[in-house]
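Novice: Listed here are the chains, written in short residue letters.
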Amino acid sequence: MSKLAATDLHFSFDGRPLIAPAGSTVAGALVRNGVSSWRRTRVKGHARGVFCGIGTCFDCLIDVNGERAVRACLRALREGDRLETSSSTGAGPDA
Amino acid sequence: MADDELPERAEVVVIGAGIIGCAVAALLQAEGLEVCVVDQVGPAAGSSSAGEGNLLVSDKLPGLDLELARASLALWRDLADELAGGFEYEPKGGLVVAPDEAALSQLVALAEAQRAEGAVLSVVAGSELAALEPNLSREVAGGVFYEEDAQVQPMLAVDALVRALRGRGGRLVGGVTVRGATRAHDGRIARLSTSAGDIGVGRAVVNAAGAWAGEVATLLGGYVPVTPRRGHVLVTEPVAPFTPHKVYESGYVAAIHEDARGYRTSAVVEATPSGTMLLGSSREFVGFSRTVNSAVRASIAARSIRLFPALASVRLLRTYVGFRPATPDRLPVLGEDVQVPGLLHATGHEGAGVGLAPASARAVLALLGGRDPGFALDPFSPARFAPARQ
Numbered sequence: 184m185s186k187l188a189a190t191d192l193h194f195s196f197d198g199r200p201l202i203a204p205a206g207s208t209v210a211g212a213l214v215r216n217g218v219s220s221w222r223r224t225r226v227k228g229h230a231r232g233v234f235c236g237i238g239t240c241f242d243c244l245i246d247v248n249g250e251r252a253v254r255a256c257l258r259a260l261r262e263g264d265r266l267e268t269s270s271s272t273g274a275g276p277d278a
Numbered sequence: 123m124a125d126d127e128l129p130e131r132a133e134v135v136v137i138g139a140g141i142i143g144c145a146v147a148a149l150l151q152a153e154g155l156e157v158c159v160v161d162q163v164g165p166a167a168g169s170s171s172a173g174e175g176n177l178l179v180s181d182k183l184p185g186l187d188l189e190l191a192r193a194s195l196a197l198w199r200d201l202a203d204e205l206a207g208g209f210e211y212e213p214k215g216g217l218v219v220a221p222d223e224a225a226l227s228q229l230v231a232l233a234e235a236q237r238a239e240g241a242v243l244s245v246v247a248g249s250e251l252a253a254l255e256p257n258l259s260r261e262v263a264g265g266v267f268y269e270e271d272a273q274v275q276p277m278l279a280v281d282a283l284v285r286a287l288r289g290r291g292g293r294l295v296g297g298v299t300v301r302g303a304t305r306a307h308d309g310r311i312a313r314l315s316t317s318a319g320d321i322g323v324g325r326a327v328v329n330a331a332g333a334w335a336g337e338v339a340t341l342l343g344g345y346v347p348v349t350p351r352r353g354h355v356l357v358t359e360p361v362a363p364f365t366p367h368k369v370y371e372s373g374y375v376a377a378i379h380e381d382a383r384g385y386r387t388s389a390v391v392e393a394t395p396s397g398t399m400l401l402g403s404s405r406e407f408v409g410f411s412r413t414v415n416s417a418v419r420a421s422i423a424a425r426s427i428r429l430f431p432a433l434a435s436v437r438l439l440r441t442y443v444g445f446r447p448a449t450p451d452r453l454p455v456l457g458e459d460v461q462v463p464g465l466l467h468a469t470g471h472e473g474a475g476v477g478l479a480p481a482s483a484r485a486v487l488a489l490l491g492g493r494d495p496g497f498a499l500d501p502f503s504p505a506r507f508a509p510a511r512q
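First to last, the sequence lines map onto chains A and B.
When we follow this note's numbering, the leftmost residue of the first sequence carries the number 184, and every step to the right adds one.
When we follow this note's numbering, the leftmost residue of the second sequence carries the number 123, and every step to the right adds one.
Pulled out of the complex, with its shape left as it was, chain B reads as follows (with noise of 0.2 Å):
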């Protein structure tokens, strides 16, 4: 798609073209504004292109991060109505596996507690688990079918968010870096200077900047604290479909929140309607390296044989990695800026950002005095990593 220009002025600068940004700028954009998004690359250029497009609840533990999840799928589902749909959107709901007994009771506790709070959900005994997924291993204890679980496919997701946002007169211009931020007297940031010459701010400027947010809110005189968590997703060949459900091992919730040495990897198997499968998942902290870890790979390939042995017989194609903008606490951050007034982040969702996007969309419009998002902002502010003040 043809860049636009770079404007004078816009009441809101989005920096971040990914799902986020893109999610941001077309709600903001709809309720009046008027928003431009600056990318470094363009559109879905960074993690929104390098991960699997989940929407899950499954993963999520009980409490914020639990609502956070729900209060987005919900709007995903309107999203994918009022977009007219074109990206993926399949509500086919996900199936959470354990390999053991002793496995299934931690995932039977959680999955309770998730229940608790309105996630809808049914403990699937092993005996049970053919009728759900025909070809996963006879060796599986049990699992617990998550039906709000779903998927879209996320570069087709931010292109249907970039028509809308253009369709209603947003601008979106790719290729240009931030280098730094005017401040007025009260702090505010009046103008962004980019590569592509400077861009005057009405109102706020975005951070959505995935995991290079951190660098970009220093850039402006902020803080917030997201670190690249690299992942792999290994492609297989296009295969007839046979895992109708995404399927992933419980050790994926666990992976999530630990701070491992080294690298973590779970079994994360998907179909897609293109027929190639997407095998992940890993986590690590290795800075902005793209060098395939073939030890992950080997690993990520074992665990996802061993819970579909007939993956053995498919060829593999090819092993991509991205960047998962990790907090300290594994939350989001979504509010403004302790130092910057008008500068409001909204990033490190990890590796929830494409199903945490309309919800992190709706947070941002409230924080410029929009509507109430229907869920706590409070506990997502960058504040909670600020150091202990007088």
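Looking at chain A on its own, in the form it has when it is part of the complex (with noise of 0.2 Å):
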């Protein structure tokens, strides 16, 4: 895979040190890493990871670097990154 990655990024999950090759996605470079869920549904609390990967659905919700609601699949990883679990979970405004 990522013949075209020249380095590659180090970043995490949750906390958890991860690597994947620069040049994926955000959401590319969890579920490398075996990680296909980082959302749960507001009712039910139902797992979400990447559905349709192509910026549509809304449903790969997640934090990055504290910036709330982004879509794992359109933004570019980059060195450092600190993904978290979605906080848009209906906790208020300013949670």
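Calculated directly from the structure, the hints in this document are not laboratory data.
Be a bit skeptical, because a hint or two may be false.
[To be verified] What follows is a list of derived Cβ distance ranges for each label pair:
id, chain 1, residue 1, chain 2, residue 2, range
1, B, Val414, A, Gly228, 26 to 36 Å
2, A, Pro200, B, Ser317, 51 to 61 Å
3, A, Ser195, B, Ala424, 27 to 37 Å
4, B, Leu278, A, Glu262, 21 to 31 Å
5, B, Ala206, A, Gly206, 36 to 46 Å
6, A, Gly206, B, Gly297, 37 to 47 Å
7, A, Glu250, B, Val245, 57 to 67 Å
8, B, Asp451, A, His229, 47 to 57 Å
9, A, Gly228, B, Ala252, 25 to 35 Å
10, A, Ala205, B, Gly207, 44 to 54 Å
11, A, Ile202, B, Gly207, 46 to 56 Å
Predicted, not measured: the structure shown is a model, and the values here were computed from it.
All C-beta atoms in this analysis are idealised placements derived from N, C-alpha and C, irrespective of residue type, glycine included.
Since each chain comes alone in its own frame, lean on the hints to assemble the complex.
Specialist: Spelled out as structure tokens, the structure:
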């Protein structure tokens, strides 16, 4: 995979250090590391991760460096990114 | 949901599977008529899935507008029971707020006229707003709380109506484009030709094609002046509800009844049971363009934040546009075509189609000889747009 990757990028998901090739999307980087879910549905608590993969369904929301509601399938991974389980859970505007 | 087969014949063919067409079809089928709905895409594919699901009396002018809306909102309460809910019916009331004293006196004058005609409302002084809406800006001068204003999730409401229709033996066929009509000797539509074949018409064709109703009318030899009036809705990330009611600016009412060039925006802020918030609104005549206008989006966001400063820290997810079926006098068209007997129009509801759907269904039933709808039908006839005749 990823012959185009010049270097590997270091990032974390919920505090766990991970590595993925440069050029990965956030979603791609997580899936490559065996992480398939980073959000829970608001009513029934079902696991959600990447679904459409093209920015349409908004199922793959994640927090990136404290920025909420980022679509993991569209965001390019950067060195040192801190990814966290989505906090857009209905906890409040300032939560 | 799987499509039905286009039948060879139906007593009533409804064109358009939005909230209006489905409300009409479900009611007629329940009254013993054999109904088939056809739609160029499928249920709720047009404006019914591109609004906020508002059921409002607050934005209706005294007179016909208000009478129809109050009748329809009462019918929505019945429908919520009859269809056993499932479409997020929330009779939570609406708060209309005025940014300054001048706007407040205009709003209160409108409210008094609405109250004189039965609307259930109370004027709320600026100092009392926080008790209703704790997160509302302290800059707001005052407002009016409308108890009857409510909300539904319109796609789920359409789905509930379609299930009711099919449960009673009615049909709905999507992916069908109407191409034209064959008229009988008396001028009535005998057959409709569609992309899926012909369908015979027993009694009537109902044009419930919403913003596309003008084109459909023309195709069938009739006339109804409906123009798409575009709106934007901004969708936020899910948040814990911090706006207990629907809240909108008093300028919204003026925007409906004004023929502005360019665009008009006014804030309409609405929480939904799924956690996302819907922020409207805009009005502009740009045909069926789906290109999001970033200036409109910025204006809606700024106006919404002015009402609720906490929104400044809420992330925006996306923006959608939709097309309101607008008529020249801002009233719906509910009546028989002037040129084509048996062609009934049920369209032109502008931004109020979801709210006015049940009353529109009653109107169509009455036009087909059914029971009195409880409100005057004549003022909604398309004859009001016909050129003067000898």
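Novice: Take the hints in turn and mark each one as holding or not.
Specialist: Do the hints match the structure? See the list:
1. B:Val414 / A:Gly228: 26 to 36 Å: holds, 33 Å
2. A:Pro200 / B:Ser317: 51 to 61 Å: holds, 57 Å
3. A:Ser195 / B:Ala424: 27 to 37 Å: At roughly 36 Å between Cβ atoms, Ala424 of chain B and Ser195 of chain A fall inside 27 to 37 Å, so the hint holds.
4. B:Leu278 / A:Glu262: 21 to 31 Å: Given about 44 Å between the Cβ atoms, the range is violated.
5. B:Ala206 / A:Gly206: 36 to 46 Å: violated, 51 Å
6. A:Gly206 / B:Gly297: 37 to 47 Å: holds, 40 Å
7. A:Glu250 / B:Val245: 57 to 67 Å: violated, 42 Å
8. B:Asp451 / A:His229: 47 to 57 Å: Since Asp451 of chain B and His229 of chain A have Cβ atoms about 48 Å apart, the given range 47 to 57 Å holds.
9. A:Gly228 / B:Ala252: 25 to 35 Å: Check passed, 34 Å falls within 25 to 35 Å.
10. A:Ala205 / B:Gly207: 44 to 54 Å: holds, 51 Å
11. A:Ile202 / B:Gly207: 46 to 56 Å: Since Ile202 of chain A and Gly207 of chain B have Cβ atoms about 50 Å apart, the given range 46 to 56 Å holds.
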